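Student: In case you want the letters, here they are:
2 protein chains.
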Amino acid sequence: MARLKGFTKLTDVDYALQSFLLQLKPKRLGSEKVPLTEALGRVTAEDIRAKYNLPRFDRSAVDGYALQAKDTFGVSAFNPKVFKLTDGQVHENEAKELWTGNPVPVGADAVVMLEYTKKVGENVEVGKAVTPGRNVSKMGEDVIKGSIAVETGVRLNPHHLGLLAALGKTHVPVVRKPKVAILATGNELVEMGQKLEYGKIVETNRLMLSSLCMELGAEPLNLGLIKDDLDKICTIIKEGLEYADAVITTGGTSVGYPDLVPLAVKKLGNPGIVVHGVAIRPGMPTALAILDGKPIFVLSGNPVAATVGFEAFARPTLLRLLGINEARPAAEAKLTRRVAGVLGRRVFLRVRVFEKDGAFFAEPVRLTGSGVITTMTKANGYVIIPENREGVEEGELVRVRLFSSIMRE
Amino acid sequence: MARLKGFTKLTDVDYALQSFLLQLKPKRLGSEKVPLTEALGRVTAEDIRAKYNLPRFDRSAVDGYALQAKDTFGVSAFNPKVFKLTDGQVHENEAKELWTGNPVPVGADAVVMLEYTKKVGENVEVGKAVTPGRNVSKMGEDVIKGSIAVETGVRLNPHHLGLLAALGKTHVPVVRKPKVAILATGNELVEMGQKLEYGKIVETNRLMLSSLCMELGAEPLNLGLIKDDLDKICTIIKEGLEYADAVITTGGTSVGYPDLVPLAVKKLGNPGIVVHGVAIRPGMPTALAILDGKPIFVLSGNPVAATVGFEAFARPTLLRLLGINEARPAAEAKLTRRVAGVLGRRVFLRVRVFEKDGAFFAEPVRLTGSGVITTMTKANGYVIIPENREGVEEGELVRVRLFSSIMRE
Chain P
26 MARLKGFTKL
36 TDVDYALQSF
46 LLQLKPKRLG
56 SEKVPLTEAL
66 GRVTAEDIRA
76 KYNLPRFDRS
86 AVDGYALQAK
96 DTFGVSAFNP
106 KVFKLTDGQV
116 HENEAKELWT
126 GNPVPVGADA
136 VVMLEYTKKV
146 GENVEVGKAV
156 TPGRNVSKMG
166 EDVIKGSIAV
176 ETGVRLNPHH
186 LGLLAALGKT
196 HVPVVRKPKV
206 AILATGNELV
216 EMGQKLEYGK
226 IVETNRLMLS
236 SLCMELGAEP
246 LNLGLIKDDL
256 DKICTIIKEG
266 LEYADAVITT
276 GGTSVGYPDL
286 VPLAVKKLGN
296 PGIVVHGVAI
306 RPGMPTALAI
316 LDGKPIFVLS
326 GNPVAATVGF
336 EAFARPTLLR
346 LLGINEARPA
356 AEAKLTRRVA
366 GVLGRRVFLR
376 VRVFEKDGAF
386 FAEPVRLTGS
396 GVITTMTKAN
406 GYVIIPENRE
416 GVEEGELVRV
426 RLFSSIMRE
Chain L
26 MARLKGFTKL
36 TDVDYALQSF
46 LLQLKPKRLG
56 SEKVPLTEAL
66 GRVTAEDIRA
76 KYNLPRFDRS
86 AVDGYALQAK
96 DTFGVSAFNP
106 KVFKLTDGQV
116 HENEAKELWT
126 GNPVPVGADA
136 VVMLEYTKKV
146 GENVEVGKAV
156 TPGRNVSKMG
166 EDVIKGSIAV
176 ETGVRLNPHH
186 LGLLAALGKT
196 HVPVVRKPKV
206 AILATGNELV
216 EMGQKLEYGK
226 IVETNRLMLS
236 SLCMELGAEP
246 LNLGLIKDDL
256 DKICTIIKEG
266 LEYADAVITT
276 GGTSVGYPDL
286 VPLAVKKLGN
296 PGIVVHGVAI
306 RPGMPTALAI
316 LDGKPIFVLS
326 GNPVAATVGF
336 EAFARPTLLR
346 LLGINEARPA
356 AEAKLTRRVA
366 GVLGRRVFLR
376 VRVFEKDGAF
386 FAEPVRLTGS
396 GVITTMTKAN
406 GYVIIPENRE
416 GVEEGELVRV
426 RLFSSIMRE
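Chains P and L, in that order, give the protein sequences. Residue 26 is where the first sequence starts when you use the numbering used here, and the numbers rise one by one after that. Residue 26 is where the second sequence starts when you use the numbering used here, and the numbers rise one by one after that.
It should be emphasised that the hints constitute simulated quantities derived from the structure, not laboratory data. A portion of the hints provided could be inaccurate.
Where chains are identical, the list cannot tell them apart; a pair therefore holds if satisfied intra-copy or between any two copies.
What the hints assert, rightly or not - Taking lysine-lysine pairs in the DSS-like style, the calculated list, with each CA pair at most 27 Å apart, reads:
1. 381 / 359
2. 252 / 163
3. 292 / 144
4. 34 / 153
5. 225 / 170
Quick caveat: nothing in here was measured; it's all calculated off a predicted structure.
If we strip away everything but chain P, and leave its shape as in the complex, we get (with noise of 0.2 Å):
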């Protein structure tokens, strides 16, 4: 089949990933210690144990009176009773005041919120009736010492770091960052901010693919913009494998004369190309190779071919070396027209996603043009219509993985 030469055929997606994962064996990074201050959206190394109970203590949850809850049977605003104030131990009939997250005392089982009392002289007045452990919470009753609080494989949010400062930690062992080495090739293209003379093209796939890196907490290294020439790349993929964790490379990947990168995948080593020619659309030329135990994506030149070489397979193996199994957030929303598909090439269907009177809809962005970067500009998200399906239809429900956030309308 002429179409397919330099990949001789297409292979479905889901086998691509796991054949290239099975023959990758992608370990976890090594972990390194950080501020809390810094550790947001970091992936923990270990799970973390609770050196201590939170509370600490049995805790007043408000401001109020500790007291003993037998004390108070059969009180209320009607029928309120005196209890003497203490500044210890709490024995019965007594009250001792408290603000919240104060320790509640020996003897005291229940608080009474301070609205329900009034203080006069040495006593105060109940107004109300409690029941043990009322207002209290109870030592442990958040985390229990020794217990995990924060389970290995977590992606660090702001209640996390909370926790763990509440937990008296001020760090915390977190997954080194996969260093991700990012190379672009073309004769045709320039830098950013370079003279773009008739012809040349600005390269724009590494600020791209930085960013997707980026977002996932990934670094991102630079490797440069090449010329087509075949030892030139092999020498910038060298040195990317050296102090990278992973590459990825853009552009030269067609099946045409300039089609570099996998020949230079090639010369430079075993097993080097793992996969060529992916039922993907767009993205069909996309190669996973694999050299020193490291992957190397191989991504298309157009910009939303590459994208989408990233999302389906960068995205996964990097999250592997985070040791994170994190799907992209999704919304399930009504496509408002039909869209076919392809049979036999798993589609990646740009969509925007809107909310409109508490409902969610999912606009297909445009059909063709797999080049159009606006595509991927004006969607918030992707729906994947599945190799075997012909299409998917007006006002069926699917389900979107979003890049973006959603818009209300």
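Based on the hints, put chain L in the right spot on chain P.
Tutor: Structure of chain L alone, referenced to chain P:
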């Protein structure tokens, strides 16, 4: 009603926010130019127009040969046709070799893919018919010169950055990050990393609220941890108002004796407190204030209630300062068990959404214990139970607002 001393009624959440915003009249902040490499996640401050067409010229979408489509009429693999190679303009029965991205030469109107051709000396044998426009990315098909490439009020994702770079931009005008000064109060609190004497609690809310600010693109400023001292609190809030766009306080909002922050705000000027006491659970004692035309969010000291107060009020207000009407990503999921609501209160139910066999489920993390931080760390989103619902049923499809990603089981 004794229970609500300090604030005399609970305001409905929507009404509280709307009346607060109506009085605040938040203006979008000014703009600054940042390099594209630092613009990820920032919000555009202007419509950004294309200075040129994209593509800038009719561009080949493939490696192959440019020719006149009409000359390929009737051509096929079984009936190939020889074209004369040219290096300039393309005349009848001539073809010019092109690589992806090269300008389509004058005279040509289509490109035949390399795979369907064979170069023979000065000629090329073509084995496929093409229609006019085939494999040509037309000048301006992505963006037309002078049109808006990225609108104002867009949070820049990797694709927007790619598009702007393709249009020759190196910098982009974005909305200045809102500066949010954050203050914690409470005699029982100590700074992270300090020795925890009996009865003391680590202050964690500034870290958590700072992280929430960072996530949405604001810049947190730390006003410190203050003892329950009215004058000191006044001084610090004033300081915050001087150099920040918004102030958040945490602690000192409940109705007991040390209810100092609302007092301090009242002392500082007009209009001061606009809302005090909201029909929300948790987060009832939240207050919203305005001083010097700037918003002050007076949040509970309880970490979970503080988070909910942030979500309900600070987040939408800060997004106004950024000029973006953005919702958190949401998932529709099946509730795994029945949960009771609270009539007259909007309940923020914390749930853990997980994906199993392609479907989403939402598991309520815990029903009580608003002070329990682990209800937030075990959750990845929340379901809003409206004021008028007695509960949500098992198996009911609920809308979950996600603050963390969904894990695959």
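Student: Does each hint fit the structure? Answer for all of them.
Tutor: Status of the hints after comparison with the structure:
For the identical chains of this complex, residue 381 and residue 359 are neighbours both inside a copy (11 Å) and across copies (21 Å), given an alpha-carbon limit of 27 Å. Taking identical chains as interchangeable, the C-alpha atoms of residue 252 and residue 163 lie at most 27 Å apart only when they sit on different chains, with a minimum of 25 Å there against 67 Å within one chain. In this assembly of identical chains, residue 292 and residue 144 lie within 27 Å of each other by CA distance solely across copies; the values are 26 Å between and 86 Å within a copy. In this homomeric assembly, residue 34 and residue 153 come within 27 Å of each other (Cα to Cα) only across copies, at 20 Å, whereas the closest approach inside a single copy is 78 Å.
Taking the shortest Cα distances, residue 225 and residue 170 sit within 27 Å of each other only across copies (17 Å), while inside one copy they are farther apart (63 Å).
Violated hints are absent here; each numbered hint is respected by the structure.
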